[in-house]
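Participant: Okay, here's what each chain looks like letter by letter:
Protein chains: 2
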Amino acid sequence: MVIELNASVTESNDRDADAIRKEMKEKGSLLINLMSSPGSGKTTLLSRTITDLKGDLNIAVMEADIASDVDAVKIENLGATSIQAHTDGMCHMDAGMTKRALDSMGYDGKDLIFLENVGNLICPAEFDTGAGLKVMILSVPEGDDKPLKYPLMFEQSDALVITKMDTLEYFDFDVEKCKERAKRLNPDISIFPVSAKTGQGMDSFETWLKEQVGIWKS
Amino acid sequence: MVIELNASVTESNDRDADAIRKEMKEKGSLLINLMSSPGSGKTTLLSRTITDLKGDLNIAVMEADIASDVDAVKIENLGATSIQAHTDGMCHMDAGMTKRALDSMGYDGKDLIFLENVGNLICPAEFDTGAGLKVMILSVPEGDDKPLKYPLMFEQSDALVITKMDTLEYFDFDVEKCKERAKRLNPDISIFPVSAKTGQGMDSFETWLKEQVGIWKS
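Just so you know, the sequences run in chain order A and B.
1 is the number of the first residue of the first sequence in this note's numbering; add one for each residue after it.
1 is the number of the first residue of the second sequence in this note's numbering; add one for each residue after it.
It is worth saying that the hints were derived from the structure and are not from the lab.
Mixed in with the good hints there might be a few duds.
Note that identical chains are pooled: a pair holds if it fits in a single copy or bridges any two copies.
[What the hints assert, rightly or not] List of simulated lysine-lysine pairs, PhoX-like, C-alpha gap at most 25 angstroms:
#, residue 1, residue 2
1, Lys177, Lys22
2, Lys197, Lys177
3, Lys177, Lys74
4, Lys217, Lys74
5, Lys25, Lys197
6, Lys25, Lys179
7, Lys217, Lys183
8, Lys54, Lys210
Just so it is clear, the structure is predicted and the values come from calculations on it, not from any experiment.
My request is simple: use the sequences and hints to build the entire structure.
Facilitator: In structure tokens, the structure reads:
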């Protein structure tokens with residue numbers, strides 16, 4: 001299923017975002033805004049997470065993209081509820097767009113809903129989508145200097161997942177230096193180095209997700 | 001040297017861009033707008049290109065970033081003229097910002113000037129900077145599906161450089177499929193698979209750059 005979205009007419013994005021958060025809290029559905037560069041492995045991470053957690057949590061995924069529906073097709077093949085949102089050229093999702101995607105998909109009884117934002121390390125960090133948590137991905141091939149260059153997303157995120165850890169030996173990426181740079185911007189950020197391909201580190205990330213769903217519902 | 005920029009007040013970005021192009025044509029300086037995702041290897045590609053071509057061309061680089069000056073420092077260490085432009089949170093460069101960066105840096109006698117745009121596969125494609133040519137980078141770890149997801153930049157670019165070719169065996173990246181997808185969007189695009197690390201393919205890209213400078217000056 002594909003939905004065409006364009007920027008919300010309302011100027012009160014923050015108010016709309018708060019309304020979404022309130023509703024999701026009442027329903028006990030944790031909405032996570034998942035942000036990263038293009039090609040950092042968002043869909044691969046989600047695919048593994050859905051497969052690993054499907055006995056524990058009822059999960060849905062909203063895929064936001066400028067064009068194409070390749071990601072939603074992958075997620076649907078795993079048996080999870082999914083919707084593809086086209087952003088009409090927009091480089092980020094806002095609260096109004098998120099609400100329209102939620103309504104089109106339907107989300108009753110979902111414990112955990114991922115909004116896979118448009119692949120972009122800049123603009124998505126500037127718009128509140130109404131999510132309860134923000135998670136960002138940085139992949140090893142992108143380099144450990146990204147917190148220096150794109151500080152806002154690191155400042156805003158509750159968790160940082162460092163993906164493609166299985167490729168560490170081929171790239172000049174210093175995990176400790178990256179963690180230190182992220183923590184300097186955001187001392188409270190949780191950091192999970194993982195490989196969705198080999199499974200390395202997925203346990204800690206998935207345990208954290210289950211804890212966060214528990215906290216959200218309490 | 002660092003310059004702080006913010007969005008141009010003028011609404012006539014296209015007119016400003018045309019004025020830059022006209023002036024650069026008169027001066028015989030080819031300005032190239034270099035665009036890509038964060039971490040695709042723009043600075044590494046430029047470093048290798050400058051080192052290889054410094055006997056043939058007088059090259060300058062304008063580094064646009066939201067924060068940090070790590071890239072400009074790298075370029076200056078190669079002995080090339082360089083300036084770091086901070087975009088004040090902006091996710092792209094426009095024509096007015098480009099002009100202010102050019103004027104602050106100085107560009108008399110330069111054959112080739114690279115504008116290393118903000119790392120972003122979306123917004124920079126929407127703004128004419130006044131460059132004579134647009135070159136985009138896609139790195140192997142980002143995946144061969146990017147033309148499907150971010151078509152505008154592929155449509156707009158004169159050349160596509162596929163970087164990090166030395167990592168091909170570790171990623172599921174089909175070079176032919178990627179080329180075919182890019183050519184479907186833009187039949188005239190020149191495509192250069194390279195590794196700036198091993199030097200593979202750099203010759204063809206650099207020969208193309210020298211040809212383009214010759215055409216621009218004629």
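Participant: Each of the hints needs a verdict: does it hold here or not?
Facilitator: The hints, checked one at a time:
| no. | hint | in the structure |
| --- | --- | --- |
| 1 | Lys177 x Lys22 | neither (37 angstroms within a copy, 45 angstroms between copies) |
| 2 | Lys197 x Lys177 | both (23 angstroms within a copy, 22 angstroms between copies) |
| 3 | Lys177 x Lys74 | between (34 angstroms within a copy, 19 angstroms between copies) |
| 4 | Lys217 x Lys74 | neither (28 angstroms within a copy, 49 angstroms between copies) |
| 5 | Lys25 x Lys197 | neither (33 angstroms within a copy, 50 angstroms between copies) |
| 6 | Lys25 x Lys179 | neither (31 angstroms within a copy, 46 angstroms between copies) |
| 7 | Lys217 x Lys183 | neither (28 angstroms within a copy, 49 angstroms between copies) |
| 8 | Lys54 x Lys210 | within (11 angstroms within a copy, 55 angstroms between copies) |
Of the numbered hints stated above, those contradicted by the structure are hints 1, 4, 5, 6, 7, listed in ascending order.
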